[in-house]
Structure formats: structure tokens, C-alpha cells
Amino acid sequence: MFDYASLRIIWWLLLGLLLIGFAIMDGFDLGIGMLLYRITKNNDERRIVLNTIGPVWEGNQAWLILGAGAIFAAWPMLYAISFSGFYFVMLLILTALILRPLGFKYRSKIDNTSWRLVWDGALFFAGLIPALCFGIAIGNVLLGVPFYFDESLRAFYTGSLLSLLNPFALLCGLVSVSMLSMHGAVYLTIKTKDIIQQRAIKSVYLFVILTIIFFALAGFWIAYDFRGYALTSNINIEGPSNPLYKLVAPQLGAWLNNYNRYPWFIGAPAAGFLGALATAILTVFRRYIFAWICSAISISGIIATVGLSMFPFILPSSTYPNMSLMVWDTSSSQLTLLIMLIATIIFLPLIIVYTSWVYYILRGKITHDYIEKNKLSVY
Amino acid sequence: MINLDVVQLSRLQFALTAMFHFIFVPLTLGMSTLLGIMETVYVMTGRKIWRDMTQFWGVLFGINFAMGVATGITMEFQFGTNWAYYSHYVGDVFGVPLAIEGMMAFFLEGTFIGLFFFGWDRLSKNAHLMVTWLVAIGSSFSALWILIANGWMQHPVGAFFDFQTMRMEVTDFSKIVFNPVAQAKFVHTISAGYVTGSIFVLAISAYYLLRGRNIELAKRSMTVAAAFGLASALSVVVLGDESGYLVTLNQKMKIAAMEGMWQTEKPPASISVIGFPDQQQHVTRYAIKIPYVLGLIATRSISTPLLGIDDLVEQAQTKIYNGIRAYTALQQLIHNPQDQIAQHNLRLDANDLGYALLLKRYTNNVVDATPQQIKAAAWDTVPNVAPIFWSFRIMVACGIFFILLFATAFVLSSRHQLHNRLFLWIAFLSLPLPWIAAELGWFVAEHGRQPWVIEGILPTFLGTSSLSANSLFTSLTGFGIFYTLLTGIEIYLMAKYIRLGPEYMLGKSEHR
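Taken in order, these protein sequences are the chains called Y and X.
Just so we're aligned, residue 0 is where the first sequence starts under numbering that gives the first Met the number 0, counting upward by one.
Just so we're aligned, residue 0 is where the second sequence starts under numbering that gives the first Met the number 0, counting upward by one.
Be aware that a few hints might be false.
[Claimed, not checked] Listing some non-contacts, in silico: residues in chain X with all C-beta distances to chain Y over 12 Å:
id, residue
1, T222
2, A230
3, Q371
4, I393
5, A396
[As the list claims (entries may be wrong)] Computed footprint of chain X on chain Y, listed as stretches where at least three residues anywhere in the stretch have a Cβ under 8 Å from a Cβ of chain X:
id, region
6, 90-96
7, 161-167
[Said to hold, decoys possible] In silico DSS-like pairs for lysine-lysine, Cα to Cα no more than 25 Å straight-line:
id, chain 1, residue 1, chain 2, residue 2
8, X, K251, X, K288
9, Y, K364, X, K124
10, Y, K108, X, K374
11, Y, K192, Y, K372
12, Y, K201, Y, K40
13, X, K124, Y, K372
14, Y, K374, X, K47
15, X, K495, Y, K374
16, Y, K372, X, K495
Because the hints were derived from the structure by calculation, they are not lab data.
Where is the CB? At the ideal position from N, CA and C, for every residue including glycine.
Please build the complete structure, drawing on both the sequences and the hints.
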């Protein structure tokens, strides 16, 4: 049942699931940070918007923490190379993530306009930077990044910060920013009313269109003019994790191969497009909760597209393709994957249950009266 | 070859970010539990002042919690960003408790903390009480798993070195979870957190009583802090003793360094209460010793010797020779993984492979190391004794002081004499002490572990990422400035809201 190859596939799927979970649950927090200046024009409105996510954003962020922890536990080589290779991008993301809890908590603790200005700026920055940078990171993963190993499997990353900011990766950054802004805007249509809700609705339409456009552009680019990677030797899918024992070659259009072998993979990008479209349509009909679900489906589809296109590659090396990281030779040991799977089966359903309970308790719209009544305790 | 500047800067950065993180975490651990206690009294008695106390201390808790979260994310990322080879070499083992910490603790804490602040009007008394306790339990679970991870660094059980993947891999997860070092460390650390929370509440309450404000709230807060603090202070000292015993069993060099023990004494060894360890001359000067005490508490026997640093270096030298054999076998296996003899040879000396890695500081080849290099590497196993020696003693002194302070508070409280001004001043001025004790304690644990990042398995200098010194300078300086600024803001807000007091936060003014 749980042979090494199966566990590797399961953990590849779970990694995707956790990253999708992060995008769906913390994505709208990031989106709302990015929308802060668009949707609110004064302090009262800002407080309303911030308090739609105030009580839940920290639990949402746990998806990111878990995602990083799962990468470490299940794919330690990926964790090591990507975190150290993308050093300054990671530091930038970290700066944003550090400012977030402080922005929420400290913003309204002093009744001073300049003080609030600074923290609102921090919250905007804290929404934009992670959204943008995760997209840029994914774009670079699709392109492959320059790294190699010595015989003790010490990794050497030879790229620069600038090489990460290439046009394709920036486009992926725009996809990420658009889809998370779309998601944040939809969430606001559920939790606010009157003028704020109206502005949120307009943002939904804008970012649905942008998501579709940018995603399509990235898709065409990958389909018509993109160097992917393909395995050119045998590989023991049950063997020990060592990336030095296989051969890989760059290949134009390789990222489309999986769609030929498994035609149903096309469901992922389809969900990306159709989900976004449905979000807009359902918003017109004022079914905001269903719109949020479709927005979540769209995000899932977009992220899944990346994974499915690249499978079984995880992180290709653009300079030493043979040393690319693959599902079959980068995972943790069989025992570790099994332990982690059992832990996940126990805790993930529990997490979903109590998270749902919290959202249920907090149901309803955030209004001006609510803020007034709880001035001293809300954000 | 390894860039030693990068190593030093990476270590400095990790120490800096960890110590900043540990300013906020112990207070979160302690205060979350105190909030649970106070709210339990509210729910059980129905007396509104206990709810006011929970909400007031909750505001201060929140200001602190945000910084704990913020600085914590850095730690999780930093293994990957700055310790990439470490992450590869032990990630199969080390990553598991970290991921479980995320699933079991961070989600619990993060999900329910929102309801703690925002759910008073939406939840029944019992439901909100449950929420508060879940936050407290979540933060303690967090400590559990990270200390299981750290415990494994100090005493790496339940794992083996796999030459096919060039890393450590799990063989027995239950050994890792129930590692006695981890268990003792866990209870010791959460107790330290509970002491920190208790001192904080005690000191701030003392401030209010000295000012004659919020008397009812302050007295009750002090009583809870005194009782909880006393239990925690006793726990931290007892588990400190247990931790010391486990160090004596598993990290002999560390205990020798902590005690400035250069030569092995006839058992039971004496303790140097104070002294001045000299790293060059291998002697501890002007030591004031008490006979027998160290031998009794560290080895819990009268006949087991406590090995001195000089003897341990001899042992290390032997291990290095063993390790060279293992390393030779490993090199053969890299070229021919099927080599049965090499596999056998590696297995024989696998435990000492790490000692051979110490030689990489002098020669990348390892097998061609000269006797001088081997001797030098053996001496590298000695950490910097004086800072560890003194940090340990200051921490222990604080621990004893906490027991006395809480016991005094407890007695005064039961006699309704909490207004004693001498006591109140001492309580107030004790505020910084738990932080000093906690940071010094963690320093002893980690600096005492050097030169190892995983004891006996991986030297610290081999664990870093392949980054440039410039990158490290930038990030180190960045963290230094950024964290100092944010901590300053946090302290400013804390002070402001303490001065404003419960009257402001609860919109009332009749709390005299």
C-alpha cells in the first residue's frame, strides 16, 4: 500500500494541497492588504476592512507556516536550495510577514494619523510582497534555476537576485497578485456592505479580468516558446533520494508532455479560467459565498497547473539539468514520509473542523456600528 | 573550502534572531496560561473583576504575542536560508517535529487567538474559556515540538547515516519523541516561560499597588502570579537539575565547560561556585569550591567520575581516528556504492564519522590529516568555557531568587500584607530577571553544544548555506536594525498601556 513511490506521489500531492490551502485561506488576507487603498478612503472604512480578517488572519497564516514546515520535512533538499538560493527574495518576504502581525495589532493602538499611515503602508506592503514574490518564485521554478551539488550533496546556487526578476517570472508574479486580489475582493463582498461592498464588487470584476489575461499569457508562453525539462534515463522510483543518478535534458515544450500522456490534466488550467469567470458571474447575481468558492477553485486550478505541468520535476537545474530535483530523488526517507502522512491524516481534518467552527462563530458583516461599539478592542 | 566568515556571521545571525524571538515567547507561554487561570476563576465564581483581569492582561498579552509570531517565522525560514547543508543533512529527522509543530500547535494558537480577542460577545462563558485554554495549550505544544527538535540536536537518537543519500535518516521516531533530553528540556523551558509570565504580572501589579491604583485587580493578579509562579519556579529548578544530569550522561564536554572542569577530579567532584576559567591555560582560577556537590548532583553517585576537559579531548582524539576510518569507507562508497567491505567498515565506525568531519577545517581531504591537525581538531571540541560557566551561574542564581520571591509573595498574600512597600519595590525591580535567566540559559544550551550543530554528528561550520559574506553582512545588519526598532515599539506600547491601565481599556474608572 505505502511503498516508497506511492508515498512520494502522496507527498507531492500534499505539498500542492498545502500550498493551495495557503493560497485559498491566507490569499484573501494578502489580497485585502493589496486592496486596502483601493477599497477604503478613510480610517473608519479601513478599520472595517481590517476587522473582516482581524480575528482569522493568524489562523490563515498557519497554512504558510505548515507549508514551509512540510517542505522542510518531506522535501528537505528543495527547502535548502530554494530558501538559500532565493536568499534576498526570502528576506523580503520575511520582512513583509514580520510587519503583518504588527500592522494589525499596533495600528489602532495609538490615535495618531502618521502612526496609522505607517502601519497601513506596512499592511499594503505585507500583502503585495508575498503575493508578488511567491508568483516570481513559481515562475523561476518553471524556468529552472542554476544550481549544482558536490559529492557530499552540498548545494551551490549560482544565480543572482536580478536573474530571478526575469519577464516570465514577473508575469507569474502578476498572475499571483491578480488572483489573490480577486480572492480578497470576493471575501470583502461577503463581509461588508454599502459603499465598501460596492467598491469590492468592482474590484472583483477588475481582478477576474486581469487574472484571466495574465494566466492566459503565461499559458501561451509555456505552450509555444518555453524550455522545459525531460527525463532521458531510467530512474528507480523506489530508490534512495539522491539527485545525482539520472539524466535530464532541456526540451522545448516539455511542460506540455504531461497533457498528452494524461489528457485529464487539462482540468487544472480549465478550472483556473472557468473558476475566475464563474466568480464574476456569481458576483453579478450577488451569490457572494458561491463566488468565493469559485475564486478558490480558480486559484486551486492555477496552482495545480504548475505542479501537473512539471511533474515529476520539482526544481529543475538550468545549468546542470542532470542534478534537477525530482519527486523520485529528492524526498525524505520512506519512514519519514509515512510518519508525516499519519500526522497529517490525524491533524488536517481536525484543523478544518475547528477552523470552520471559528468562521461560523464570526459570521456576519462588519459594520460601522460594530467598530464604534468595540473601538478599544478591535483592530 | 568553507568560508569561515560566512560561518561566524551565520551563527551570529541565528543567535541574534533566536534571542530576539526568545524575548517574546516565554511571556506568551506564561501569560497565556495565566489568562486561562484568571478566566477559569471568572467562570467558576461569576465575579466580574476576574473577567476584567483577563481582558486587561489580555491586551498586554496581545501586544507581545504579535512580536512572538513575527520573530518566529524568521526562525522557521532561517534553517533553509542560512543553514542549507544542515537542512539537507538532518532535514529527514529535524523537519518532522517542525512540521508537526505547525499542524498541532500553530494552527491551534493562531486559529483561536482571534476568538480570544474578538469572541467575548459571541461565545458563552464556557466556550470562551475553552478558547483561552486552547491558545495556552497551543503555545505549550509549540514548545514541545521545537524542543523535541532541539533535544535531537543535543542527543541525536533514533537515526542513522545513509551513505546513499548522504544524510541522517529516521530509524525510530518514538526514540526521538521520547528522548529524555527533549522531555526534560520541554518541561524546563515551559516552566521558565511560566515564571516569566508570573514575574511580569507580579511586577506590573506591584507597580499599580505602589501607585495605589487598581488595587483590587492588582492584588488578585499578584496572588495568582505568586501561586503559579512558585510552582513554576520550583519546576524550573527541578527540571534544570534533571537537564544537568542528562547533559552529564550525553554531552560530557558541555557539563565540563559549564563547570569549568579542566582536570578530572576524584569522585564525587567539587563544584566551583565562582571562578575564572582560562581557555589558554586550561585552568579555572580563584575558584571557590564546595567539595562533593557537583559529583552528587551531576552524576547522582559518589563513584562515577565527572570527566574533565583534558580527558575528554583525549577521547575526542580517539574518536577522530575512528572517524577517519569511517570517512575513508564513505569515500569508497561514493565511488562504488556496492562495495560490501566499505559498507561494513562504515557501519563499524559510523558513530564517530562526525569527528572526522571536524578535520575539514584543516584539510578538505580528511584522510591525509597530520597528527597536529588531529590534535587541533580534538581541541576544537572544547567550547568557549568562561561565557558558559558564568551564564550558567547567573541563570541558577536567578532561579533561586525566583523561588524566594514567589514564596514571599505567597506568604504575604495569605496574610493580606501585599501592600508591604519593600516587597513591592523588589517585585517591581525583578521584572528584567526572568528574561536574563531565560536568554542565558538558552545560550548555555546552544553555545555549550559547540563545535557541534548536531552533537557528534555534524560540526557547525559545515552546516551553512553557500552564501557570500556580503549577503550575510546585509541580512545580519538588516535584522539587527529592524528587530531593535520593532522591539522598541513593542516596549513603548507595553509601557503606554500599562500606564493607561485597566481603567482605560475597560472604559471604567472605578477600580480603586
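The hints, checked one at a time:
{"no.": "1", "hint": "T222", "verdict": "26 Å, holds"}
{"no.": "2", "hint": "A230", "verdict": "30 Å, holds"}
{"no.": "3", "hint": "Q371", "verdict": "25 Å, holds"}
{"no.": "4", "hint": "I393", "verdict": "30 Å, holds"}
{"no.": "5", "hint": "A396", "verdict": "34 Å, holds"}
{"no.": "6", "hint": "90-96", "verdict": "holds (count 4)"}
{"no.": "7", "hint": "161-167", "verdict": "violated (count 0)"}
{"no.": "8", "hint": "X:K251 with X:K288", "verdict": "20 Å, holds"}
{"no.": "9", "hint": "Y:K364 with X:K124", "verdict": "23 Å, holds"}
{"no.": "10", "hint": "Y:K108 with X:K374", "verdict": "59 Å, violated"}
{"no.": "11", "hint": "Y:K192 with Y:K372", "verdict": "17 Å, holds"}
{"no.": "12", "hint": "Y:K201 with Y:K40", "verdict": "15 Å, holds"}
{"no.": "13", "hint": "X:K124 with Y:K372", "verdict": "20 Å, holds"}
{"no.": "14", "hint": "Y:K374 with X:K47", "verdict": "21 Å, holds"}
{"no.": "15", "hint": "X:K495 with Y:K374", "verdict": "17 Å, holds"}
{"no.": "16", "hint": "Y:K372 with X:K495", "verdict": "23 Å, holds"}
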